[in-house]
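*Asks:* Here are the chains, one letter per residue:
Number of protein chains: 2
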Amino acid sequence: MKVTIVGVGQTPFNRNCGVSIRELCFEAFKDALEDLNLTPKEIDASIICSAPEYDRQRSPAGLIAEYLGLNPQPTFLAESICSSSSTGVKVAYSFIKSGLHDIVAVIGFQKMSEISSAEVQERMGRGADIQWESPFGPMMPAGYAMCARAHMQKYGTTEEQLAKVKVKSGKYSLLNPKAMYRRAVTLEECLKARVIASPLKMFDCCANADGASCMILASEEKARKITDTPVSVVGIGAASDTQSTTGRANLTGLNCAIEAGKQAYKMAHITPKDVDVAEVHDCFSIAEIMAYENLGFCKPGKGGKLIEESQTYIGGRIPVNIDGGLLSKGHPIGATGGSQIRTIVLQLQGRAGKTQVDGAEVGLVHNIGGVGLYGNVTILKR
Amino acid sequence: MKVTIVGVGQTPFNRNCGVSIRELCFEAFKDALEDLNLTPKEIDASIICSAPEYDRQRSPAGLIAEYLGLNPQPTFLAESICSSSSTGVKVAYSFIKSGLHDIVAVIGFQKMSEISSAEVQERMGRGADIQWESPFGPMMPAGYAMCARAHMQKYGTTEEQLAKVKVKSGKYSLLNPKAMYRRAVTLEECLKARVIASPLKMFDCCANADGASCMILASEEKARKITDTPVSVVGIGAASDTQSTTGRANLTGLNCAIEAGKQAYKMAHITPKDVDVAEVHDCFSIAEIMAYENLGFCKPGKGGKLIEESQTYIGGRIPVNIDGGLLSKGHPIGATGGSQIRTIVLQLQGRAGKTQVDGAEVGLVHNIGGVGLYGNVTILKR
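Those protein sequence lines, which keep their order, are chains A and B. In our numbering, each number is its position in the first sequence, counted from 1, plus 44. In our numbering, each number is its position in the second sequence, counted from 1, plus 44.
One chain only, chain A, in its complex shape (with noise of 0.2 Å):
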């Protein structure tokens, strides 16, 4: 029985939404519901996907149940930091393939314009491990900078290189009405930039935001009365890597990554020659230049060539972050994966619009909790 994603939604992401958490996932749920002959009571189950401490309500999963009209079904939370939304669709899958539900709604959000940006960077502080790394202040652009600069010693990757990931993310953020900064930038205005954690520069990390996502899944046979156009779920992989950078055996690429690409991978029967198009966590772009790498859309240590001879552009080898990537459109934490992933299904849908690759039919999502902490690749498939 194969398990598919039905509907897709999501909210504009932004600086400061204005409405409570219940409003913003419901924006993402009405979304993702339209066009479908569904009801939410036909919907067996919820999986609310957030990163605690962002907003004050605790719990949040049975509050946006219940506001969704998806109460008294079943609920909980799903956290693995910027990953969550993809933990929700691994959830969600096993929940309809054990069979003990049908239609399982993935909602994702995060609102982060209710603390101050402090707090922000002090909460994200305590996702690193409280007793051994995180009292000596790396924040997330730190562990990242340690990245790049291990990536460019082993590999000699360049500052130009790494401007032209988001030279690329730019570009196409013109052309995604959600994305926060739909603004094209120069490779010169990237590497003119203030510095954030030297070698990454402002444009080379991606900005807290407010959003929401939702996926709606369904077993194959219920898919078909909803829609005509399910997309399948033919490969997850997940993994995990140590708390704290410091654990970790290199910093040149991420081993949960390079992990849940390969469970994914075999799960879908396929190898990275086979991915038309691909959404990955560009939280800095030099993770999307490790991405390349990680996922084998090419070898180690070429990730870097690969944006600078443009394979990742539409028309390239492989369209990667087509629709502006974390970059552009901003990082509501929770809501990513979930962004992502109706990214992925609109262009297997073939409703991408100016954004669309010809022929799409199989899509790959990576997403990253933490410095590398949790990997997820999801595959889809037409």
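Please note: incorrect hints may appear among the correct ones.
All copies of an identical chain are treated as equivalent in the list; a pair is satisfied when it fits inside any one copy or across any two copies.
Stated by the list, open to error - Calculated lysine-lysine pairs in the DSS-like style (CA-CA distance at most 30 Å, straight line): (1) LYS343 to LYS85; (2) LYS85 to LYS310; (3) LYS306 to LYS269; (4) LYS306 to LYS85; (5) LYS266 to LYS46; (6) LYS46 to LYS306; (7) LYS310 to LYS46; (8) LYS236 to LYS266; (9) LYS346 to LYS266; (10) LYS222 to LYS85; (11) LYS310 to LYS266; (12) LYS236 to LYS198; (13) LYS346 to LYS198; (14) LYS425 to LYS343; (15) LYS349 to LYS310.
Simulated from the structure, these hints should not be mistaken for laboratory data.
Following the hints, complete the assembly by docking chain B onto the known chain A.
*Replies:* Relative to the frame of chain A, chain B by itself:
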């Protein structure tokens, strides 16, 4: 293909464990692995169950998986407040049944001693709807006190009957070396204790605690190599209700428990009469009485009479909470469901010592999150 529980473990529950969350979880994990033919490397995935904000570590799943040697296997945090580890079991069941994983560890923990009692109350308050209920101040005892009042009003339930739940709990607590309060209490003591939220007095309320629990689930096939006494998961039910008590149709029972029970009985193809031994979520004495009714151990309104007639003692119609229950064991939120399941697994394996129910073949676990916000029922069979 059957899904089984092959191992269960638990730390002692107490007021101030004095160790870090990783050490707490390690102790429960080690206890679960005891006597099993299994190494951490063979465990495919872990699910960490805990309610955030009681300790400072954010996204503890990766940290705990790492410390337990469950890395690079996937992990994530599952949360439904006090029923988090029952949710974890549901997900683990799905992971195995769907074929994604073969052996899954579910680790529940809570370390509530890192913050003050007032801070614990504040966080519990934010588990209710923070826009529409929390601001008016109702805490957990108040929610269940309203249930008790409604139950007394509608069914004539008495304070003596409530107290008798604790008298039973105290009696069995003496036989549970891992319980926080190992002390028999008299009916008089209960009735004279200070009022917490009328009609609930001190002994009607469970207490915050530190603790961890662990369950190892495996497919039937893998189970054979791991242990001679696997216990099958034959029924799973889960449901939700409104985040706030103000949204409920009535307060004399918990609809989420009724719904979850129905699902679990149906899946297990049994009726309440077939249950030989049960663990119910007695966070407050009234909760146990409502559970009797919501699970069909007696008719609605007859729960007070059931305890009055000692029918839930060993030798009665259906022995309930004969490990002391939350009232005596203490309630380390994320660990509680796992502790309940541990008790039932030991019963079905014939390893329950002085509290062994002769010939116990079918056991039930009822685990609630919030004031009836999340209901989880798990049915196990020898």
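*Asks:* Each hint needs a verdict: does it hold in this structure or not?
*Replies:* Do the hints match the structure? See the list:
1. For a Cα distance limit of 30 Å, the shortest separation of LYS343 from LYS85 across copies, 29 Å, qualifies, whereas the shortest one inside one copy, 48 Å, does not.
2. Proximity of LYS85 to LYS310 under the C-alpha cut-off of 30 Å is restricted to the inter-copy arrangement: shortest distance 20 Å between copies versus 36 Å within a copy.
3. In the homo-oligomer, the alpha carbons of LYS306 and LYS269 lie at most 30 Å apart only across protomers (27 Å), although the nearest pairing inside one protomer, at 33 Å, exceeds that limit.
4. Taking CA atoms no more than 30 Å apart as the test, LYS306 paired with LYS85 passes between copies only; the shortest distance there is 18 Å, against 37 Å inside one copy.
5. For the identical chains of this complex, LYS266 and LYS46 are neighbours both inside a copy (11 Å) and across copies (25 Å), given an alpha-carbon limit of 30 Å.
6. Taking CA atoms no more than 30 Å apart as the test, LYS46 paired with LYS306 passes in both settings, with 20 Å inside one copy and 28 Å between copies.
7. Within a single copy, LYS310 and LYS46 get their C-alpha atoms as close as 16 Å, and across copies as close as 25 Å, so both meet the 30 Å cut-off.
8. For a Cα distance limit of 30 Å, the shortest separation of LYS236 from LYS266 qualifies neither inside one copy, at 53 Å, nor across copies, at 58 Å.
9. For the identical chains of this complex, LYS346 and LYS266 are neighbours neither inside a copy (43 Å) nor across copies (41 Å), given an alpha-carbon limit of 30 Å.
10. In this assembly of identical chains, LYS222 and LYS85 lie within 30 Å of each other by CA distance solely inside one copy; the values are 28 Å within and 43 Å between copies.
11. Both within a single protomer and between protomers do LYS310 and LYS266 lie at most 30 Å apart by alpha-carbon distance, with minima of 26 Å and 21 Å respectively.
12. When the C-alpha separation of LYS236 and LYS198 is checked against a cutoff of 30 Å, the pair qualifies only within one copy, where the shortest distance is 24 Å, while the shortest distance between copies is 73 Å.
13. Within a single copy, LYS346 and LYS198 get their C-alpha atoms as close as 11 Å, which meets the 30 Å cut-off; across copies the closest is 73 Å, which misses it.
14. With identical chains, the CA atoms of LYS425 and LYS343 are at most 30 Å apart within one copy only, with a shortest distance of 24 Å there and 51 Å across copies.
15. Taking CA atoms no more than 30 Å apart as the test, LYS349 paired with LYS310 passes inside one copy only; the shortest distance there is 27 Å, against 58 Å between copies.
In summary, the numbered hints that this structure violates are 8, 9.
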